[in-house]
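Participant: For reference, the chains in residue letters:
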Amino acid sequence: MTALAALDAASAGAGSYLHWGVISISTTNLLIILGMVVLFVLAVLLPFPGAGEPSEAPRVPEQRQEDRP
Amino acid sequence: MTAEYGKAAGAVGGGRNWTVGLRNRLSTLVPPGQLLPDRQPVYVASWIYVFGVLTLSALVVALLSGAWLAVGGVAWWHVSSLGRFANSLHLWSVELFFAFMVIHLWGKFWMAAWRGKRALTWITGVIAFVTSIGTAFTGYLSQSNFDAQWISTQAKDGLNSIGFGAWFNVLNPGQMLLWHVVLLPFVVGVLTVVHLLQVRRHGVVPPLDAEAGD
Numbered sequence: 063m064t065a066l067a068a069l070d071a072a073s074a075g076a077g078s079y080l081h082w083g084v085i086s087i088s089t090t091n092l093l094i095i096l097g098m099v100v101l102f103v104l105a106v107l108l109p110f111p112g113a114g115e116p117s118e119a120p121r122v123p124e125q126r127q128e129d130r131p
Numbered sequence: 289m290t291a292e293y294g295k296a297a298g299a300v301g302g303g304r305n306w307t308v309g310l311r312n313r314l315s316t317l318v319p320p321g322q323l324l325p326d327r328q329p330v331y332v333a334s335w336i337y338v339f340g341v342l343t344l345s346a347l348v349v350a351l352l353s354g355a356w357l358a359v360g361g362v363a364w365w366h367v368s369s370l371g372r373f374a375n376s377l378h379l380w381s382v383e384l385f386f387a388f389m390v391i392h393l394w395g396k397f398w399m400a401a402w403r404g405k406r407a408l409t410w411i412t413g414v415i416a417f418v419t420s421i422g423t424a425f426t427g428y429l430s431q432s433n434f435d436a437q438w439i440s441t442q443a444k445d446g447l448n449s450i451g452f453g454a455w456f457n458v459l460n461p462g463q464m465l466l467w468h469v470v471l472l473p474f475v476v477g478v479l480t481v482v483h484l485l486q487v488r489r490h491g492v493v494p495p496l497d498a499e500a501g502d
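First to last, the protein sequences are chains A and B.
Heads up: take any position in the first sequence, counting from 1, add 62, and you land on this note's numbering.
Heads up: take any position in the second sequence, counting from 1, add 288, and you land on this note's numbering.
Simulated from the structure, these hints should not be mistaken for lab results.
Treat the numbers as computed from the prediction; the structure is a model and nothing was measured.
Treat the hints with care, since some could be wrong.
Claimed, not checked - Stretches of chain B that chain A covers, calculated by requiring three or more beta carbons in the stretch to come under 8 Å of a beta carbon on chain A:
#1 350–364
#2 448–456
Stated by the list, open to error - Residues of chain B placed beyond 12 Å of chain A at every Cβ, according to the derived structure:
#3 V332
#4 S345
#5 F373
#6 G477
Virtual Cβ for every residue (Gly too), placed ideally from N, Cα, C.
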């Protein structure tokens, strides 16, 4: 019984898992992935400080570099 | 004076040798002034373009904290609070490294960043990503604890099943440690340098809807 209690305690500390058919993922990993997706969406949508202001940045420098292998 | 020196150099080296070839190659790797440019096209002013340099920054912290851990040895972090701090710094820099790298990958994938003869930039990034995963896995095997033992037995079955287990033995902690601290970081480092040189060589990829004058 002591061993079973220890196993129960160990499994209780292993965290929670979510299951959809063959897919099994820990809640922590799922939350981290969702957080990364949110960060990606914010990075695409949020304006960058200073963006849109007049700039003297070079005009598409790739044009002179396209011929490089 | 210069002509005389040139004649003398020509007399010794014949004008064409490996040194001259390497010098010419290095001098044309990136356009003049583009190795460390201080200006970028306006479309680079977006948060999605930040994740490449964030990945690089996390890699630098991972390498430095890894070197710090190497000074104390694999068991140091088990017996020292300072070692535990170094270990945590190493762990979390790697966690951030992968998070930033995956978001960087998403951004570049949906930007079709291989456009404009940037295929080699894309390919070196992909290989660096896969090599980084191998580096992280051998790091799990180098923790010198029961977690490392458990992971190694599970990995052993998998690698045996595809015929790699004989020469890449995950149950050999010495081999895994050397792969983790020498071979794989060296490969990741070289790939990172080549990747960055490709970015500097071809410029940052423009968004899909960018006009030629942006």
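Participant: None of the hints should be skipped; say for each whether it holds.
Facilitator: Hint check:
With a cut-off of 8 Å between beta carbons, the segment 350–364 of chain B has 0 residues touching chain A; three or more are needed, and the interface restraint is violated. With a cut-off of 8 Å between beta carbons, the segment 448–456 of chain B has 0 residues touching chain A; three or more are needed, and the interface restraint is violated. Some Cβ of chain A comes within 12 Å of the Cβ of V332 (chain B); the nearest lies about 8 Å off, and the non-interface call is violated. With a closest Cβ-Cβ approach of about 16 Å to chain A, S345 (chain B) is found to remain outside the 12 Å limit, as its non-interface label requires.
The Cβ of F373 (chain B) lies farther than 12 Å from every Cβ of chain A, with a closest approach of about 23 Å, so its non-interface assignment holds. With a least CB separation of 23 Å from chain A, G477 (chain B) remains clear of the 12 Å interface cut-off, as annotated.
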